[in-house]
Amino acid sequence: MKNRNKMPLLAAPYGVWSVAFIVIPLIMILYYGFTSKADGSFTFENIALIAKSDNLKALGLSVVLSLISTVICLLIAYPLALILKALKFKGSSFLIMIIILPMWMNSLLRTIAWQNILENTGILNNILTFFGLPKAHIINTNKAIIIGMVYDFLPFMILPINNVIQKIDDDVINAARDLGANYFQTIIRVILPLSLPGVISGITMVFVPALTTFVISTILGGSKILLIGNVIEQYFQYIYNWNAGSGLSLVLMVFIFISMALVNKYDKEDEVSAAF
Amino acid sequence: MENNKLIDLQHITKSYDGEMILDDLSLYIRENEFLTLLGPSGCGKTTTLRIIGGFEKPDKGKVIFDGKDITNLAPNERQLNTVFQKYALFTNMTIADNIAFGLKIKGKSKSYINDKIKYALKLVNLQGYENRMPDSLSGGQQQRIAIARAIVNEPKVLLLDEPLGALDLKMRQDMQYELKRLKNELGITFIYVTHDQEEALTMSDTIMVMNKGYIQQIGTPEKIYNEPENAFVADFIGESNIIPATMIEDKLVEILGAKWQCVDEGFGKNKPVDVVIRPEDIDLVEPDKGIIKGRVTSLIFKGVHYEMEVEANGFEWLVHSTDLSPVGAEVGIYVNPFDIQIMNRPESDDEKAVSELEKED
Amino acid sequence: MAKRFFMKLYVALVVIFLYAPIAVLIVLSFNASKSRAKWGGFTTDWYTRLFSNAGIMDAFKNTIIIALISAVVATILGTAASIGMNRMKRLPKTVMLGITNIPMLNADIVTGISLMLLFIAFKIGLGFKAVLISHITFNIPYVILSVMPKLRQTSRARYEAALDLGAKPAYAFFKVVLPDIMPGVISGFILAFTMSIDDFIITYFTRGTQVDTLSTKIYSEVRKGIKPEMYALSTLLFVTVLVLLVIVNRRNAYLEEKQKKKI
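Top to bottom, those sequences are chains A, B and C. Positions 1 to 276 (our numbering) are the ones given, in order, by the first sequence. Positions 1001 to 1361 (our numbering) are the ones given, in order, by the second sequence. Positions 2001 to 2263 (our numbering) are the ones given, in order, by the third sequence.
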């Protein structure tokens, strides 16, 4: 009995650590976000900065581009998981390795490589010209940013969805077929509802980083396209107005909290962890 | 006879990764029959069922259902339903939605569906469970829901894949009666897969014993039990003494050096055979009155009978009797000629599958 | 089977999409022209020059040291925390797991900024120490999420059996519990190491001005052009991991085959 009561103490070092480096830093953002840079008094002006037309435009664009990217990721990942299940591919764990492996090449470099592919004189246009097709102007447009987002975050959609789908008992799918459902009805009525936790965690794992990125827009969007991440980065790294940057971060966190709430609602503990 | 073949499997062959699961299997099932496919794991019984259900395609051969070739039809296009081993309920739906699944797909009316749900739940003794979720039910209850979900579609045939395998003994025995009752009430054909010989003997009209992808014997439970065609069937169904022997002539066999009267004919003269003697068919008598003499080496009380082992002429005889003979007692062994079952020694390929059984266990 | 063909084609297309940029980078590492835009012939110069490029080698060293230390510390803290949390009452456990989820689900930019504000406000300062603390912080949750499921799978009965047979708790832990959760601990470590190596955003906000990792060095070169040595280095890293992966996979397949034969 004595031992059992002592066991939780093992979590104490991490408990202290997490308060110092997770909880307190978040309080710091709250503090900076609600105080004025000039005199340190309480203010809403940092939050109100989001209403400035440039900032609002950046936020709007971020939301739109990250939503589109999330949907595309979902449309690529879901069929992939279904196919992997249907193929009963023996090395499916090996295939998952193949999907994780690119993460070992620096993600900034991989994004830069997309410059080479998408540039006006890049690989894609060379291929198009070779087949006598008109050139595509993609680099430094929203399209390039979407491609970058889809590319960077696709594994985070594939892994959790694949995980829940592979776990669905084959006989549950067989049962649906046996009761008269065709393949499409089986997907809609049985597989989709059962895989919802994976889909939700995939969506948040793509949407949050896509919404807040400033790297992809910097590399593939040129200097013309600003996302909300770029705006916040500028406040911190170039304008040195931490209060303003914190205020805007708090606005972003509203979206993040919505995602977290969604995950908590649909996910049992196991699912998030199993995603990796 | 020909016209009431409901399902006809013709020359079915199936292998996985070069491993032969079913080899040229032919089998027919009559309307309203309770057929059990019985055998050890890996014998091909589940594969046979899955081929009938449409979850596997045979490499060769045909599946004829009600006179039509359904070999290439998908499961949802077949007029039969399956009860899966681990129930395979839809955990995201209520019990009512589980049962209604097939009917909704077919576009039945709401009132029809509701009536059917009520009827099915009553049939499996689970009235009032409509709004429960599958996870909140016990194993036995989930199994009954799985059966209800299948039968509301009014299939001509119900396929059951070891449906009681995950239940405890008491529950299993209750469900055996339940299934038998359902079968009689519904008047449909059951094809039942199990490795439990007692289950098979209790419920079936016909038993097909399988091993290594071959049919070993098809017959009524009585026939399978009393007249096993080979050592595999004898050993798999119930306990038995299987002893190598020599058929001296018609109605006379030499077992362990002694001559025994029997009733079998037509094996030829001085032919090596196997004999099967069920433990309950052995009478322990006074030493001089038996055909051979032996000594009791162990005694266990089993409830309805005593189980004894008797050492006689170099063989350990297994004996079931309501009369007790203490360990160490000298006894005589006598068997009624009618209870000595003579079997051919394995020669052909599929009979060889039989003799490999001993290694497996 | 046309259907199977199209299924396989789909998988292949996804894999091609994921690997196209990697192929581009590998090709660039052999490009004699310094410019990204044109092909100047095949060379292995960048691979030899890589080792004399002090800036890149320094950044590489920092990256590896930070990844290694942060992964080791996170694995120790995280494994201990998991074992502790596993025996906690419901409420404190839920609170701690909730806090653990924050760095996982929060945006990196917010995590980075919040840590930066902390380090400055509490005079810890930005730089190597700050980056290391930050990496440990975002690595621990990955370790916990790898170890926790394994802990839940291990039966308490086995630990109690060890105690019953006379083992001291520490001995029972190292002999019975730890071997059971080891796969989770190892995958937690690998995950933490990977996350640390690939991190850019959090490092970017906490590094100050002196410390460079490969990621921050690359970011600072985006505008003026990436040095080809960088392509060479990342190709080497990638190939190393690929080879390791193939070896591990072969070994597992071999062991499985062996196991099968035994049965």
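FYI, nobody ran anything at the bench for these hints, they're computed from the structure. There could be a bad hint or two in this list.
What the hints assert, rightly or not - Derived lysine-lysine pairs resembling PhoX-like cross-links, with alpha carbons at most 20 Å apart:
(1) C:K2038 with A:K135
(2) A:K85 with C:K2008
(3) A:K6 with C:K2168
(4) A:K6 with C:K2089
(5) A:K88 with B:K1057
(6) A:K37 with A:K88
(7) A:K88 with C:K2038
(8) B:K1057 with A:K85
(9) B:K1156 with B:K1068
(10) A:K167 with C:K2168
(11) C:K2175 with A:K85
Unchecked claim - If you want the footprint, here are the derived chain B segments under chain A, 3+ residues with CB under 8 Å:
(12) 1250–1264
(13) 1287–1295
Keep in mind it's a predicted model, so treat the numbers as computed, not measured. Ideal Cβ positions, reconstructed from N, Cα and C, are used throughout, including at glycine.
Consistency of the hints with the structure:
1. Distance hint between K2038 (chain C) and K135 (chain A) is fulfilled; the C-alpha atoms sit about 18 Å from each other, no more than 20 Å.
2. A distance of roughly 12 Å separates the Cα atoms of K85 (chain A) and K2008 (chain C); the hinted pair therefore holds under the 20 Å criterion.
3. Of the supplied pair hints, the one linking K6 (chain A) and K2168 (chain C) holds, its CA atoms being roughly 14 Å apart against a limit of 20 Å.
4. For the suggested pair K6 (chain A) and K2089 (chain C), the alpha carbons sit about 12 Å apart, so the restraint of at most 20 Å is met.
5. This hinted pair checks out: K88 (chain A) and K1057 (chain B) have alpha carbons roughly 15 Å apart, not beyond 20 Å.
6. Of the pairs offered as hints, the one joining K37 (chain A) and K88 (chain A) is violated, with about 59 Å between alpha carbons and a cut-off of 20 Å exceeded.
7. A hinted pair counts as satisfied when its Cα atoms are at most 20 Å apart, and K88 (chain A) with K2038 (chain C) does not qualify at roughly 43 Å.
8. Between the alpha carbons of K1057 (chain B) and K85 (chain A) the distance comes to roughly 18 Å, so the proposed pair stays at or under 20 Å and holds.
9. Between K1156 (chain B) and K1068 (chain B), the direct Cα distance comes to roughly 14 Å. Compliance with the 20 Å bound is thereby established for this hinted pair.
10. Straight-line distance between C-alpha atoms of K167 (chain A) and K2168 (chain C) comes to about 38 Å, which puts the hinted pair past the 20 Å bound.
11. In summary, the hint linking K2175 (chain C) to K85 (chain A) is not supported, as the alpha carbons are separated by about 38 Å, beyond the 20 Å threshold.
12. Counting residues of the segment 1250–1264 of chain B whose beta carbon lies closer than 8 Å to any beta carbon of chain A gives 0, which falls short of the minimum of three for the stated coverage.
13. With 0 residues having a beta carbon nearer than 8 Å to a beta carbon of chain A, the segment 1287–1295 of chain B misses the requirement of three or more and the stated coverage is violated.
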